[in-house]
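Visitor: Okay, here's what each chain looks like letter by letter:
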Amino acid sequence: MSFPLAIILVPYGVVVVVFFIVALLNVYHLIHYSATSKTSFAFTFVFLAGTAIIAFLTWQAVGGVDWQTPISISLSSSSPKLLPF
Amino acid sequence: MKIESLINQKTNEKVIFYLRRHVIVFIGGALFIVLMMMLPIGAWLLANANFPELMTGEISGPAIVLLGSAYYLWIWLFLFSHFVDYYLDAWVITTDRILNIEQEGLFNRTVSELDLTNVQDVTSEVHGILPFFFGYGNVFIQTAAERGRFIFEQVPKPEEIRKRLLILVDEDRRRQNQE
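Here the protein sequences come in this chain order: A and B.
Quick note, the first sequence lines up with residues 1 to 85 if you use UniProt numbering.
Quick note, the second sequence lines up with residues 1 to 179 if you use UniProt numbering.
Please keep in mind that the hints were generated in silico from the structure rather than gathered at the bench.
Do not take every clue at face value.
[To be verified] Label pairs and their calculated CB-CB ranges: (1) A/Leu24 x B/Gln9: 28 to 34 Å; (2) B/Ala145 x A/Phe45: 36 to 42 Å; (3) A/Ala55 x B/Asn48: 20 to 26 Å; (4) A/Ile7 x B/Asn8: 49 to 55 Å; (5) A/Pro11 x B/Thr110: 15 to 21 Å; (6) B/Val34 x A/Gly63: 23 to 29 Å; (7) A/Val46 x B/Leu106: 19 to 25 Å; (8) A/Thr39 x B/Glu159: 21 to 27 Å; (9) A/Gln68 x B/Met55: 18 to 24 Å; (10) B/Met55 x A/Ala49: 24 to 30 Å; (11) A/Gly63 x B/Lys10: 57 to 63 Å; (12) A/Phe45 x B/Met55: 30 to 36 Å.
[Unchecked claim] Subject to a maximum C-alpha distance of 27 Å in a straight line, what follows is the list of computed DSS-like cross-link-like pairs (lysine-lysine): (13) B/Lys157 x B/Lys14; (14) B/Lys14 x B/Lys163; (15) A/Lys38 x B/Lys157; (16) B/Lys163 x B/Lys10; (17) B/Lys14 x A/Lys38.
[As the list claims (entries may be wrong)] To spell it out: a stretch of chain B is covered by chain A in this simulated footprint if at least three of its residues, at any positions, have a beta carbon under 8 Å from a beta carbon of chain A; those stretches are: (18) 57-66; (19) 83-90.
For each residue, glycine too, the CB sits at the ideal point set by N, CA and C.
Go ahead and model the full structure; you've got the sequences and the hints to work with.
Guide: So, in structure tokens, the structure goes:
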């Protein structure tokens with residue numbers, strides 16, 4: 001049984017989506033509850049810049065990956081037994 | 001939404017204090033989060049020294065990169081959430097009342113209001129080395145209202161707030177008696 005390496009992008013994608021939802025909720029709270037001061041603007045800007053840096057570095061690190069590389073999971077009888085019985 | 005809308009400011013009401021926790025409280029939590037950001041670097045150095053094939057593997061390499069990326073995104077978001085939680089907790093003292101605004105997580109927000117005439121006793125305390133050096137502490141307000149006690153937690157200059165609050169309570173009572 002084998003899967004393409006791209007399958008590991010699925011849980012990563014879920015993490016990214018949840019991240020953006022929670023981040024948007026935080027920004028909404030700051031705007032809605034009159035916390036729109038220089039401090040909160042600066043912190044939000046730093047947060048967005050940091051997010052962009054993490055995204056860019058991730059993109060650079062996985063840029064040359066062949067996502068079609070198969071991940072094979074075999075349950076053959078010739079594989080060593082994990083248990084002595 | 002401006003503060004006037006946030007507290008439904010009345011016509012002759014003036015905002016005297018708009019308080020948050022002392023910034024050192026936020027910095028303490030932020031430093032811990034920054035420390036958590038160092039963990040993957042340490043793990044990477046250890047793994048690179050002992051299992052170099054893990055980092056360059058066709059499957060393990062990208063998996064580790066994505067895992068590290070997800071970890072950093074979450075830690076970064078946790079830092080931002082920590083700031084929002086710190087920034088949205090506030091205590092407002094006006095010439096007429098006290099408001100206690102507490103943000104608990106993303107979906108819980110509690111706003112309590114107390115008329116100054118219901119204030120019975122105000123106590124300030126500074127406990128500990130950091131509070132002593134940075135000048136922050138707690139202010140306890142004993143009330144005659146349904147909610148027996150308001151607490152201003154880790155606010156800067158608690159003694160000054162206590163003194164000023166007692167003056168405001170006195171002025172408010174005089175105003176009420178004249179009316």
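Visitor: Please name the hints from earlier in the document that this structure breaks, with their numbers sorted from lowest to highest.
Guide: Structure breaks hint 5 only.
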